[in-house]
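Protein chains in written order, with this note's numbering: chain A, 1 to 122; chain B, 1 to 369.
Honestly, the hints are just simulated from the structure, not real lab data.
The C-beta atom is built at its ideal place from N, Cα and C for all residues, glycine as well.
Hints may be right or wrong, so weigh each one.
Here's a subset of chain A near chain B, in silico, CB distances under 7 angstroms, partners left out [claimed, not checked]:
1. Pro-60
2. Met-61
3. Pro-62
4. Ser-77
5. Gly-79
6. Ala-87
7. Met-88
8. Met-90
9. Val-95
10. Ala-113
11. Ala-114
Simulated restraints on C-beta separations [what the hints assert, rightly or not]:
12. B:Ile-217 - A:Met-90: 34 to 40 angstroms
13. B:Leu-237 - A:Met-90: 25 to 31 angstroms
14. B:Ala-177 - A:Pro-71: 28 to 34 angstroms
15. B:Glu-238 - A:Lys-67: 28 to 34 angstroms
Simulated crosslink set (EDC-like; lysine to aspartate or glutamate; CA at most 16 angstroms straight-line) [claimed, not checked]:
16. A:Lys-67 - B:Asp-334
17. A:Lys-89 - A:Glu-99
18. A:Lys-108 - A:Glu-86
19. B:Lys-125 - B:Asp-273
20. B:Lys-331 - A:Glu-91
21. A:Lys-56 - B:Glu-336
22. A:Lys-78 - B:Asp-273
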Amino acid sequence: MKYVVEINQKKFEVEVERGQATIVEKTPAIAVETPAPLPAAGQQPASAPAHAQGQKLLAPMPGVIIKVKQPTGTRVSKGQPLLVLEAMKMENEVVSSCEGVITYIVAKGAQVAAGDILAVIA
Amino acid sequence: MNELVAGIVNLQLGNFVMFGIALILIYLAIAKDYEPMLLLPIGFGALLANIPLSSAIGHEGFLTILYNAGIRTELFPVLIFVAVGAMIDFKPLMQNPFMLFFGAAAQFGIFACLFVAVLMGYDLKEAASIGIIGAADGPTSIYVANKFAERLLAPISVAAYSYMSLVPIIQPPVIRALTSKRERMIRMTYHQTDIPKIVEIAFPIVITLVAGILAPISVALVGSLMFGNLIRACGVLERLSNAAQNELANLVTLMLGITIGSTMLAQDFLRADTLIIMAMGLVAFIFDTAGGVLFAKLLNLFLKNKINPMVGAAGISAFPMSARVIQRMAKEEDPENFILMQSTSANVAGQLGSIVAGGLLLALVPAFL
Chain A
1 MKYVVEINQK KFEVEVERGQ ATIVEKTPAI AVETPAPLPA AGQQPASAPA
51 HAQGQKLLAP MPGVIIKVKQ PTGTRVSKGQ PLLVLEAMKM ENEVVSSCEG
101 VITYIVAKGA QVAAGDILAV IA
Chain B
1 MNELVAGIVN LQLGNFVMFG IALILIYLAI AKDYEPMLLL PIGFGALLAN
51 IPLSSAIGHE GFLTILYNAG IRTELFPVLI FVAVGAMIDF KPLMQNPFML
101 FFGAAAQFGI FACLFVAVLM GYDLKEAASI GIIGAADGPT SIYVANKFAE
151 RLLAPISVAA YSYMSLVPII QPPVIRALTS KRERMIRMTY HQTDIPKIVE
201 IAFPIVITLV AGILAPISVA LVGSLMFGNL IRACGVLERL SNAAQNELAN
251 LVTLMLGITI GSTMLAQDFL RADTLIIMAM GLVAFIFDTA GGVLFAKLLN
301 LFLKNKINPM VGAAGISAFP MSARVIQRMA KEEDPENFIL MQSTSANVAG
351 QLGSIVAGGL LLALVPAFL
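The following block holds chain A by itself, in its conformation from the complex:
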């Protein structure tokens, strides 16, 4: 699996194979050992939302987060757009399923799988 990651406006190609991620830049390649089985670069740290309290908003389908509309700490109402998930080259607005304060929200550019936590609203 190949991912293209942008860090500080610099593009890196990351190849993930059997838990080993190789970062390829135009200049020498750097090999990085990664502990988790498939930690695609660009994904949010798994620890953040895992034991967060509140209602979890799960990704309805796999895709890339191309826009985050509300930062952590914002009070949102039910039905308010939180972020935009691009799947199948279509931009999909994901709305809040309840009223509350955002205690966690996924980062822009993150690649998510169906069922991943997108946001936690408490």
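Fit chain B to the supplied structure of chain A, relying on the hints for placement.
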């Protein structure tokens, strides 16, 4: 002196009408963004062909040469299939093989339209060619029409391409008429599964063998599509895959459109037939949509996990337009509902279904004659 005015002297009403039609196609392509890759070349091809004494057509005209080389031999549609095969990702279908049923159900319009055409007095081959507009797939329409009813090729291709671009306008009212708000709000959970590479690679090979052995006449159609798909899926031919998806697709499309346009001659095109075919094409699209939706509703009578019946309508070949239309409609009813993945699966099934339906017609129609 006669040479200079020959063009003017030979202008007839028919020429002007065709100029008008050509300009409308070009307008729709540019201003309305209706399949511009096809409608613009078709429109301009029609202009070139309808200029009196045009040197673009006729014995040594380049458009006639292209026609004989690319359409009559079916080379252009077959090359397009290779390109389309390289563009299609069948994984959504493999994750959701159940959706294959919708890819089949939404071909209903082809057969409904064929039946109506027979009742209207067209012979079976012509009726099949008109019905194939309902495949919502340009190259399949061209392929079948060319084999069965060459004289109807121009109106059939124009109808197929123009309705394809009208999917976002044609489908929603039909779906709304056949479903309740409650049905449109049905949520479906999406289960993500990984497809092993070997399955992805075996798929085009197995489909080609099975379809080809069952209906040898479909080998060119299905085989070229699957050749393109194997190039994509195998993972070692990235350059060829990119070339098929971009250069090949673009070049053939460029020539296909203008060549089809050049067959829109006033004396052949300005006939009642053309209007009837345009009307029947619309009927075919409506019945496709209805077929998919009603089939999903039928399944829902037996299923515990209900299907959102709108997904059935995505079983047509117009990809990814139809899947997006369905997702948009689902969101209108319930902003928290996502059925894009399921619709995409049905839509991919539709791409396969339309080509299989084309192959079926090619195999079955001669058997009934």
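- prompt: Are there hints from earlier that the structure breaks, and if so, what are their numbers?
  reply: Per hint list: 4, 14, 16, 17, 22 violated.
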